[in-house]
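Whole structure, please, built from the sequences with the hints as guidance.
Protein chains in written order, with the numbering used here: chain A, -16 to 96; chain B, 310 to 422.
Everything labelled a hint here was simulated from the structure, so no lab data went into it. A couple of the hints might just be wrong.
[As the list claims (entries may be wrong)] Derived DSBU-like pairs: lysine-lysine, alpha-carbon spacing no greater than 30 Å straight-line:
(1) K95(A) / K20(A)
(2) K318(B) / K25(A)
(3) K366(B) / K51(A)
[What the hints assert, rightly or not] Not close to chain A: a few residues of chain B, all C-beta gaps over 12 Å, as computed:
(4) R331
(5) S333
(6) G337
(7) R372
(8) H382
(9) E384
(10) V421
[Stated by the list, open to error] Some chain B residues near chain A, calculated using beta-carbon distances under 7 Å:
(11) R364
(12) V406
(13) E410
(14) A411
Every value quoted in this text rests on a predicted model; they were computed, and no experiment measured them. Don't be surprised by glycine CBs; every beta carbon is placed ideally from N, CA and C.
Each chain, letter by letter, is given below.
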Amino acid sequence: GENVEQHPSTLSVQEGDSAVIKCTYSDSASNYFPWYKQELGKRPQLIIDIRSNVGEKKDQRIAVTLNKTAKHFSLHITETQPEDSAVYFCAASSPAAGNKLTFGGGTRVLVKP
Amino acid sequence: DSGVTQTPKHLITATGQRVTLRCSPRSGDLSVYWYQQSLDQGLQFLIQYYNGEERAKGNILERFSAQQFPDLHSELNLSSLELGDSALYFCASSVTVGATEAFFGQGTRLTVV
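Structure follows, in structure tokens:
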């Protein structure tokens, strides 16, 4: 089945700096790659997603890139702010696996003021 | 508010007992997913339903079962509970299966004592 690996597991950045989180997936049929943010004690919420027919997508300070050949995708957060502190999860969905969302292990991001 | 409702929010029960977690998806969503999140862990996929039928299954224990009813709400049944079953159980829903956003409920925190 699909396997999604996420790195790093923790990331500490200074406010204003950029943060990059990387994920790799195993199923070449995967065609949907969302990113979720989970604040402490709360539900995961979608922050951005990308489909396999697109290489890059941007939404204000957040961008995601996808390399289908290498089977990896990344989340970039620019000009980080303290409210960006949370756990971020990448995920992949494959029609070959019933379109279930398989999540990476998560990255705990701490933005230091 | 995501529109996905989970009840109860908290549940404390003893080992060996059986509990039922309930999920009402967003209006119009046909697909329901269940995830388990243990302390400081990622989101482990349990099971997915679409319009009443099971679509995908993860590493769900035999002691666990689920179903989606004609009105599209779903229930996750956990039996012969063990201390290790203590976790946050999330339900998510989406309009369909495939490359589409999944909305998470607030979760049910299960504590087995």
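Answer holds if the nearest beta-carbon of chain A is closer than 7 Å to that of A411(B); otherwise answer violated. holds (6 Å)
Measuring from the C-beta of E410(B) to each C-beta in chain A, is the shortest one below 7 Å? holds (5 Å)
Beyond 12 Å from each Cβ of chain A, as asserted for V421(B): At about 19 Å from chain A, V421(B) clears the 12 Å cut-off, so the statement holds.
Take a quick look at E384(B) and tell me if its Cβ sits farther than 12 Å from every Cβ on chain A, holds or violated. With a cut-off of 12 Å, E384(B) remains clear of chain A, as the shortest Cβ separation is near 19 Å.
Report holds if the minimum CB distance from H382(B) to chain A is greater than 12 Å, and violated otherwise. holds (18 Å)
Status of the V406(B) interface restraint (C-beta, 7 Å, chain A): V406(B) check passes; min Cβ-Cβ to chain A is 4 Å, inside 7 Å.
For the pair we were handed, K366(B) and K51(A), check the Cα-Cα distance against 30 Å. At roughly 25 Å apart (the allowed maximum being 30 Å), K51(A) and K366(B) satisfy the hint.
Is the hinted pair K318(B) and K25(A) satisfied, with a Cα-Cα distance of at most 30 Å? holds (12 Å)
Taking the shortest Cβ-to-Cβ distance between R331(B) and chain A, state whether it exceeds 12 Å. holds (16 Å)
Are the Cα positions of K95(A) and K20(A) separated by 30 Å at most? Holds: K95(A) and K20(A) sit about 18 Å apart, inside 30 Å.
Measuring Cβ to Cβ, find out whether S333(B) lies farther than 12 Å from everything in chain A. The claim stands: S333(B) keeps its Cβ more than 12 Å from every Cβ of chain A (closest is about 14 Å).
Since G337(B) was said not to touch the interface, does its Cβ keep a gap of more than 12 Å from each Cβ of chain A? Correct as stated: the minimum Cβ-Cβ distance to chain A is 17 Å, above 12 Å.
Every hint, counting from the list given before, is met by this structure.
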